[in-house]
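Enquirer: For reference, the chains in residue letters:
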Amino acid sequence: MRVAVIGAGVIGLSTALCIHEQFHSLLPSLHVEVYADRYTPHTTSDGAAGLWQPYLSDHGNLQETLWNKETFDHLLGLLGSPAAKEMGLFLLSGYNLFTQPVPDPSWKNIVLGFRNLTPKELELFPGYSYGWFNTALVLECRKYLPWLTNRLTQRGVKFFHKKVESFQEMFAQGVEVVINCTGVRAGELQPDPELQPGRGQVIKVLAPWVKHFIITHDMESGIYNSPYIIPGSEFTVLGGIQQHGNWNEANSAQDHKTIWESCCRLLPALQKAKIVGEWSGLRPARPRVRLERETIHHGQLQAQVIHNYGHGGFGITIHWGCAMAAARLFGSILQEKKLAGSPEPRL
Amino acid sequence: MAAPKVAVVGAGVIGLSTALCIMETCPSCSVTILSEQFSPNTTSDVAAGMLIPHTYPDTPIHVQKQWFKETFTYLFAISNSAEASEAGIHLVSGWQVFRNTPKEELPFWSDVVLGFRPMSKAELQKFPQHQSGQAFTTLKCDCPPYLLWLEKRLKATGIQMYTRKVADLWELHSKYDIIVNCAGIGAHQLVADKKLFPIRGQVLKVHAPWVKNFIRDGDGLTYIYPGIHRITLGGTREKENWSLSPDPGTTKDIFDRCCSLEPSLQGAQDIQVKVGLRPSRQCVRLQREVLSQGGVKLLVVHNYGHGAGGFSVHRGTAKEAACLVGECIAALQGSSSGAKL
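Protein sequences appear in the order of chains B and U.
Those letters in the first sequence? Residues 1 to 347, per the UniProt record's numbering, in order.
Those letters in the second sequence? Residues 1 to 341, per the UniProt record's numbering, in order.
The hints are simulated quantities; they were obtained by calculation from the structure and are not laboratory data.
Built from N, CA and C at the ideal position, the CB exists for glycine as well.
Heads up, some of the hints might be wrong.
Below 25 angstroms or equal to it, Euclidean Cα-Cα: the simulated BS3-like pairs (lysine-lysine) are [as the list claims (entries may be wrong)]:
(1) B:Lys158 x B:Lys337
(2) B:Lys257 x B:Lys272
(3) B:Lys120 x U:Lys69
(4) U:Lys155 x U:Lys165
(5) U:Lys152 x B:Lys274
(6) U:Lys194 x U:Lys165
(7) U:Lys252 x U:Lys239
(8) U:Lys65 x B:Lys120
(9) B:Lys108 x B:Lys120
(10) B:Lys257 x B:Lys274
(11) B:Lys69 x U:Lys121
(12) U:Lys175 x U:Lys5
(13) B:Lys85 x U:Lys205
(14) U:Lys205 x U:Lys239
(15) U:Lys194 x U:Lys297
(16) B:Lys108 x U:Lys121
(17) U:Lys252 x B:Lys85
(18) B:Lys272 x U:Lys155
(19) U:Lys274 x U:Lys205
(20) U:Lys274 x U:Lys252
(21) U:Lys5 x U:Lys165
(22) U:Lys239 x U:Lys195
(23) B:Lys272 x U:Lys152
(24) B:Lys274 x U:Lys205
(25) U:Lys165 x U:Lys152
(26) B:Lys69 x B:Lys85
Some residues of chain B that are not near chain U, with every Cβ distance over 10 angstroms (derived) [what the hints assert, rightly or not]:
(27) Ser262
(28) Gln300
(29) Leu301
All chains should be built: construct the whole structure from the sequences, respecting the hints.
Expert: Quick look at the structure:
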């Protein structure tokens, strides 16, 4: 049975791995293939700093909160393993800053050691009067995607460097299930007015003395439109841009100035940091993640698509929970085709 | 009298910070630093420079707390300025974990560091061999950067620094009015202080840039302190051991103990080994003394014996030493016809 995963960012590769890990032994005829026009280090995921942190409010979307938790717990379990370094996975503590008191986030009990900031800590951040401290995780995709690729290659998954123009193209080749992990460009395969780019830009600097993430929030400008600083294992990411509807992937001098000035104001020590790069990317923004099955008619046949896209600025944060959910949807497809047998053990 | 001539013996964190405090309180003083070693070869250069105080048995707690608070406040301001990276000062968060829950609820410094609180159950899961712990945020002074930054500020004031082994304080009496003894472990010989003894510490400095939090075992023997470029892994506390040579068996033992606290350290690269002799004493010797020899007097201010806690209290003790120097100057100026007391 041929399964094609379209998209090789964090969502595509982790979904491919989940499906292969769970079903290959049950279904030896399972062939998983990955199709993408961009691979690491050129995907949207590669530009992200990789900090695990959902948005401030889940808008009542409990499903997404559960997927976030599943991802955090899964990664936390891998922290002590030898794979952690190769995956680009490590713990990071830090600050979320506000200009007024806000309700605690849905993820306060998922992260470690969540608490409010003390008055002395707030002295570090003039202009901010309220905040949180917690310990979370970083998963650097420049290491994680190659790690996933290695695991997939070891399992015999094949990779194709090509831009898929339509689901039909896959079905015509004999693919029975397509996993649609195309991120911000999902609209090219099937129009989706709810999916919009949330353009971001970041400056990469050398500032190894920065050991905490610092994320500011401006309740008026919206998420990620306020300065943030996230240290990585090789460089520190400065950001704070979120432009809804902007498809431009080129770096903007104006945005550079905004990021640089606001981050240096936030952390004066950055003034001496050396700039080593700049990058722009398009968050695949959507009111909620699209994670569902769809039956597509292909001539006389019915083919299946599992959509898994629209993770906005929290793709890394939610990826594993979504990959597992997509694998469950795949399992239900196999059930219907009576291919995998009963998942429940016989009493 | 002419500008008082002060010699500071020792150029570790204590000598340099004391010299700086003297210049701040007495700009007209002529200060010279004499030391056998300068950065990167001082005891301070081996230390991680973490602001986690050591408790001196014979110094009143309120005094130790005041020293720590002054030091923390001073460094906090630098860490929040554009000079932070050059000075090597940065905030770091982490955990102190205990295999057995300690009797005392709170250490005396818990309200000086930031965000001090007990660790949650979830946080403790990362340390299956430990029962309880404390989470907090403190400061770290990376050496050599901090010492080099102090040297730069000192040179800007016109202070002279010379490499010179002082074998006897009396060598200096003809050229200097006041001697400030910041010789650290060197005081054992320099002033024959038998109450001063080394506690040998071996550490590893490794490249593991993904480690961003400190971890310290409450027994003080095993610790992981992330610096700007390297992580300091420790350590040992070997009383009366004067050897400065790294011991390979100890290196392996330190590495294993640290990996058991933080498994990802298995991937650490480029392991460097260093040894320092903590200048240990029941209390820091911070006092004036008037030495006498054949009718000649020599004014001395001692500031040594900080053991494992040098960085944590350096600024506080430096300021107090500078005050004592001020008292010496007042005494000199009070003497008749400018002749030495």
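Enquirer: Which earlier hints turn out false for this structure, listed by number in ascending order?
Expert: Every hint satisfied by this model.
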